[in-house]
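Q: Sequence:
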Amino acid sequence: MPEQQSRVRVDTAPERPLLASRLSPAVPPQPVLARPRLLRRLDEGAAGPVTLVAAPAGWGKTTLLATWARLDGGTPDVAPGAVVPDSGDLSVPASPVLAWVSVEVGDDASRLWAYLAAALRTATGSAEDGPVPDRPPRPDQLEALAATLAAADRPVLLILDDLHRVADPAALSSVEFLLRHAGQRLGLVIGARAGLHLPLHRLRLAGELTEIGPDELAFTDDEVADLLTAHGAALPAADVRRLRERTGGWPAALRIAALAVRGQPDPGRWVGQFGGDQPEIAGYLREEVLATLDPTEEDLLRRTAVVETVCADLAAALTGRADAGQALADLAGTGGLLHREDTRPPWYRCDPLLADLLRADLARLPGPEVRDLHERAADWYAGDGRPADALRHALTAGRWDLAGDLFVAHWPELIRYDSAPAHAPAPVAPPAEVVRADPEVALAYAAERAFAGDLTAATGHLRAAAEHARDLPVPRRQRFLRLVTALELTVARLADDPVEVRAAAARLLRTRPPDATPTRLADPASPARPDSAPTRLPDSASPPRPDSAPTRLPDSASTAAPTSGGGGAADDADLRAFTGTALGLVELAGGALPTARFVRARAAGREAGRPRTELVATSRAALLLAVRGELRAAEQAAREALGMPPCRGWSCRLDCAYAYLALAQVALLRDQPDEAVANLNLAGPALGVTGGRSGGPDPDADGWPTAVRGEPVAAAVAALCRAHLHRDSGDPAAGQRLLVRTREALVDKPSAVELTGLLRAAEAELRAERGDLDAARDLLADAGTDPVLAVAAAKVELLAGDAAAAGRRLPGWEAPAATAWPLPARLDAGLLDAVLAERAGDGRRAGRLLEQVLDLAGPQGCRRVFTHAGGPVRDLLAAHLDAGTAHFTLVSDLVRGAGPSTARPAAEPRGGLDEPLTERELTILRYLQSILSNVEIASELSLSVNTVKTHVRNIYRKLDATRRREAVRRARELRLI
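Counting from 1 along the sequence shown, just add 3 to a position and that's the residue number in the numbering used here.
By construction, these hints were calculated from the structure, which means they are not laboratory data. No experiment lies behind these values; they were computed from the predicted model shown. All C-beta atoms in this analysis are idealised placements derived from N, C-alpha and C, irrespective of residue type, glycine included. Please note that the accuracy of each hint is not assured.
Said to hold, decoys possible - Pair by pair, the computed Cβ-Cβ distance ranges are:
hint: 1; residue 1: Ala889; residue 2: Asp781; range: 53 to 63 Å
hint: 2; residue 1: Ala599; residue 2: Arg513; range: 32 to 42 Å
hint: 3; residue 1: Asp326; residue 2: Asp111; range: 55 to 65 Å
hint: 4; residue 1: Asp375; residue 2: Asp963; range: 43 to 53 Å
hint: 5; residue 1: Ala325; residue 2: Arg352; range: 20 to 30 Å
hint: 6; residue 1: Ala240; residue 2: Pro434; range: 38 to 48 Å
hint: 7; residue 1: Ala325; residue 2: Pro434; range: 33 to 43 Å
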């Protein structure tokens, strides 16, 4: 670890005075918190040639470097949130010697070298007439200095703070030369904003650059809480999280907030109103951020602030600039003012507080100019197939005709299926005269408010629109009432009113053409609901306004709603997709497993050309198919869901989480535990799970049952997967505890009968394996006709040594009705039947039964049922191999316990690799399918970013790819993922 010299020698000659303050670490503002995760990253980076801490103003670059330097470049055992003393008493001597130079505006090559020379003399102990020249060195002097550094007993670690202030590229040429020729005895740690004149691309390519950017510098929730506590301004956890979200973790804003919140009588309310338009924040942003920009760049940021995210084409439409794409890339790359999302084409997002300030500036522009920007945005979004964004901007611009047309044409895609918060301000409501002339505009506004989560406003405008239904001509009235009912259903679902959802769905389905195929309203697992419930809009989750009337539509709308005969084939597909998805989500939230409903909704969504609806249905169908053991269909659906265009104005995190959970279940049943863990880790963050992410299952870090409270099926499937992984790792007790917690979380969900059965069966088997047979039997005492519980009961009896009782409990898995069972239960039953036959001395029957089980398992690639069934099944498989089988390769593989996997019964890959991927490269390749950045992948795997980047480059080279999407496509062709 570096050692900071206690003294800095300064040239005091009058012709070249040097400031000692520029040759020692800056004194950071107090209190300064130790941030161990970042200090460790600096430790890791200091082991290589160059570490770059790059971010815009206020991201804590100097504070971090000064804190690290005051700890003498090493990270002792500092607790998170500890206050770092000025004295640096925590210092630990280390082998490299640390030197510090603060760069100032106006430093040319001569001035910069004067400070570099002073720092290097101090670090190397050289005399003034030694190898470090006073002035910018000649080539021979540089070579002599490089040789001196290379021969030094201890390497030098040079910290250059605010290096972006050097405008002359030649000023850094000497530093670059020394870096290349000092025999790895010189390391650089750089703090900068942007625009460095160093060969960063070459360093990245060589794996010699460690980069710490805004994503890592941003404060976490825990760090925000520690900062507030250090300032004497503690807040509840919910307010801490809101403050971190509002600031984007920006350290400067958080310090300002910590100072300001102490005197607030209502800190929670103050946090909710905290924004970039507040004087302290606005002043900092104007002086430190916007003042550094070219006027054209500032104008680009201001005009594009009318939207939340922007791409090159949208920016061009808003600004009229042909070079808007390059300008965005520059602001994201060198300026760091925009965050680039990992999409193709790239989309950019502004920091929340800077966006607040830019929108406040935008609001001061003349009204027609602002409306023109919104109109341009609406037209662009409409042409790009993003109707929700188009509708919001059309309403804001007062384009009532466009808003009404967008709603009528795209209403199924204007439904919110996730809980992502909406930060955009509410558009102005349409005037009464517009609603009278075109009541669909009021429906459009109600849809936009429902999409934004404002159910009170949505209900009010829906009621206002319905009052004009009687004045419409009959054909238009039929369409209008269908749209009213669709919005009723949407508001009811968002308000968590399943009774009204089913009633509205029944009314909506009655508007289908008379010759349409009937649609079942309720799955057998769901309790029946009356079709004729009153036409009522549910109250919103927020308190109603005092002047609000009862949320009941006029009688004219209510009595006319259930009318058949409207619309053609496309409208019918829309109705089937929309109602099927809505009903499926309600049943899923109740703990039911409506597989068939989501499969039908997926097909209808595809038929209607509604990608958002199709994505929701596809992702849920994937998970439910995986639970049933239909692994090929589940994997195909999950891959389709993950491959759908992510940048359509949707938040797809929850959809992706369901797809990853489906892949985890598929991998588990195919006996691919590493793949299962990787996909569980990918699903966790989207579902609010933060524990046990990077390694194997951790019993103390399993937060699934509580974190996924709104998604009980996802929680249960994840718990089942993790419980099996706990068992495989030798800790069945942890798996049992997880299953108990998950099952207890479902006690208030009467529809979760099948789901609870799966959990009970798995828990009973774990208890039996641990020797607690009585508890296992108690769990399965009321198995009834549930095949999963009956098979588990038979397995428990066999574990207890009572083969006769096992045979009595075993249900008839060969009966025609058994085809409706989940495949894992049927395979377990067949294997158990074969084992019992072998024990009874009927080897021929045992072989026939085992072949039937292999016939069922082979096409889906199910292996776990064999590999984790114990010794009797392995003996059966060995004997079956000798007797002859149509599944010779599979059985041989299962008997050996190694060899090529048959988990993917697909066509042979079209080509091979000249150089195979390593295990680590295969793991990272799986993560490349996700939306995670390299930094996030590194965090998931507990690796450095440089290590991940090196593996990614190797993956690209071996797969003959040049970018992530191409590598993933090639890997899928080769069946690597």
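Q: Just pull the numbers of the violated hints for me, sorted ascending.
A: 1, 2, 3
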